[in-house]
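Just so you know, the sequences run in chain order A and B.
So in the numbering used here, the last spot in the first sequence is 158, and the numbers never skip.
So in the numbering used here, the last spot in the second sequence is 158, and the numbers never skip.
There may be inaccurate statements among the hints.
Identical copies look the same in the list; a pair holds intra-copy or inter-copy alike.
Computed cross-link-like contacts, SDA-like style, restricted to lysine to any residue with a CA-CA straight-line distance of at most 20 Å [said to hold, decoys possible]: (1) K144 <-> E36; (2) K144 <-> R101; (3) K53 <-> P126; (4) K144 <-> T32; (5) K94 <-> A51; (6) K144 <-> G54; (7) K94 <-> P126; (8) K144 <-> E67; (9) K94 <-> A127; (10) K94 <-> V33.
If you're looking for bench data, these hints aren't it; they were derived computationally from the structure.
2 protein chains.
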Amino acid sequence: MLVRSIAFAGLLFISACSTVPSMLTPTVEVERQLMNADRAFSDLSARKGMAAAFTAYMDPREGMMIRPGGIAEGAQQIGQMFSGAGDVKLTWIPDRAYASNSGDFGMTTGRFTRAAPGGAPAEGRYVTVWRKNNNGEWKALVDIGNADPAPAQ
Amino acid sequence: MLVRSIAFAGLLFISACSTVPSMLTPTVEVERQLMNADRAFSDLSARKGMAAAFTAYMDPREGMMIRPGGIAEGAQQIGQMFSGAGDVKLTWIPDRAYASNSGDFGMTTGRFTRAAPGGAPAEGRYVTVWRKNNNGEWKALVDIGNADPAPAQ
Chain A
6 MLVRSIAFAG LLFISACSTV PSMLTPTVEV ERQLMNADRA FSDLSARKGM AAAFTAYMDP
66 REGMMIRPGG IAEGAQQIGQ MFSGAGDVKL TWIPDRAYAS NSGDFGMTTG RFTRAAPGGA
126 PAEGRYVTVW RKNNNGEWKA LVDIGNADPA PAQ
Chain B
6 MLVRSIAFAG LLFISACSTV PSMLTPTVEV ERQLMNADRA FSDLSARKGM AAAFTAYMDP
66 REGMMIRPGG IAEGAQQIGQ MFSGAGDVKL TWIPDRAYAS NSGDFGMTTG RFTRAAPGGA
126 PAEGRYVTVW RKNNNGEWKA LVDIGNADPA PAQ
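Looking at chain A on its own, in the form it has when it is part of the complex:
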């Protein structure tokens, strides 16, 4: 009985410990999730426009869009800021992601293209910082970019 109970204890121990790794999704898997979330974000921007995409993907309350000259905060306000963008098309391709060990936080970076009808497209590099919400959805805390090539002075 002692042996059997120690075996039982061992099983409990393994069972308890096995919750630890399962809490920690491998970073490479989370990075894959983030790349996919970022691609879906760009796809929505291509299909439905910047206003719809940023309203859907920015954190409702804390999401911050940083641009030269100031910031907009909250998904609704950011979406409204873009609602006057007309036929400007903003799309991007992530080329790198990093994630936390807990799988709830990370970032993507890549290159964006902003194209207005009749104008030359502008390109650059962006950074998006992501946090997973309580529903398991990735929301963007920050979106910021720099022109590349640099704009003419």
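Since chain A is already given, all that's left is putting chain B on it; use the hints.
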């Protein structure tokens, strides 16, 4: 003996489970660490210059400095990029931090001031993304900023 062994199993179970919360530093404490790391980063830039500060704080291999017109990667290369900056003084004050549940990843944002002797200082908002290395030191994976007010066109 069965009872005692079950009690032993219970102790093992509690012991194993108690490692879970201790792995998760409260987010607010990690955010405080990030604010302090970012302030120390700016303090070093004020005292020793941009080259020294970015060499010390950017991730040695994966740190990426994003600026209009391109990127520099790796702490050494970023430091070298700034080594010709002369008396330009770049300092900043973080006003917000976010962190992962695992306490190994996060971001700070705030306002920077870049002052060159004899010139008007330029201001803006920056984002720094942080990852804790195996020595428990916070290193910057990304640094990016936008002018605010926007530069004259």
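We went through each hint and held it up to the structure:
no.: 1; hint: K144 <-> E36; in the structure: both (14 Å within a copy, 19 Å between copies)
no.: 2; hint: K144 <-> R101; in the structure: both (17 Å within a copy, 17 Å between copies)
no.: 3; hint: K53 <-> P126; in the structure: within (19 Å within a copy, 40 Å between copies)
no.: 4; hint: K144 <-> T32; in the structure: both (18 Å within a copy, 17 Å between copies)
no.: 5; hint: K94 <-> A51; in the structure: within (7 Å within a copy, 40 Å between copies)
no.: 6; hint: K144 <-> G54; in the structure: within (18 Å within a copy, 36 Å between copies)
no.: 7; hint: K94 <-> P126; in the structure: within (9 Å within a copy, 34 Å between copies)
no.: 8; hint: K144 <-> E67; in the structure: within (10 Å within a copy, 24 Å between copies)
no.: 9; hint: K94 <-> A127; in the structure: within (10 Å within a copy, 30 Å between copies)
no.: 10; hint: K94 <-> V33; in the structure: neither (31 Å within a copy, 38 Å between copies)
Hint check: a violation occurs at hint 10 only; the rest are consistent with the structure.
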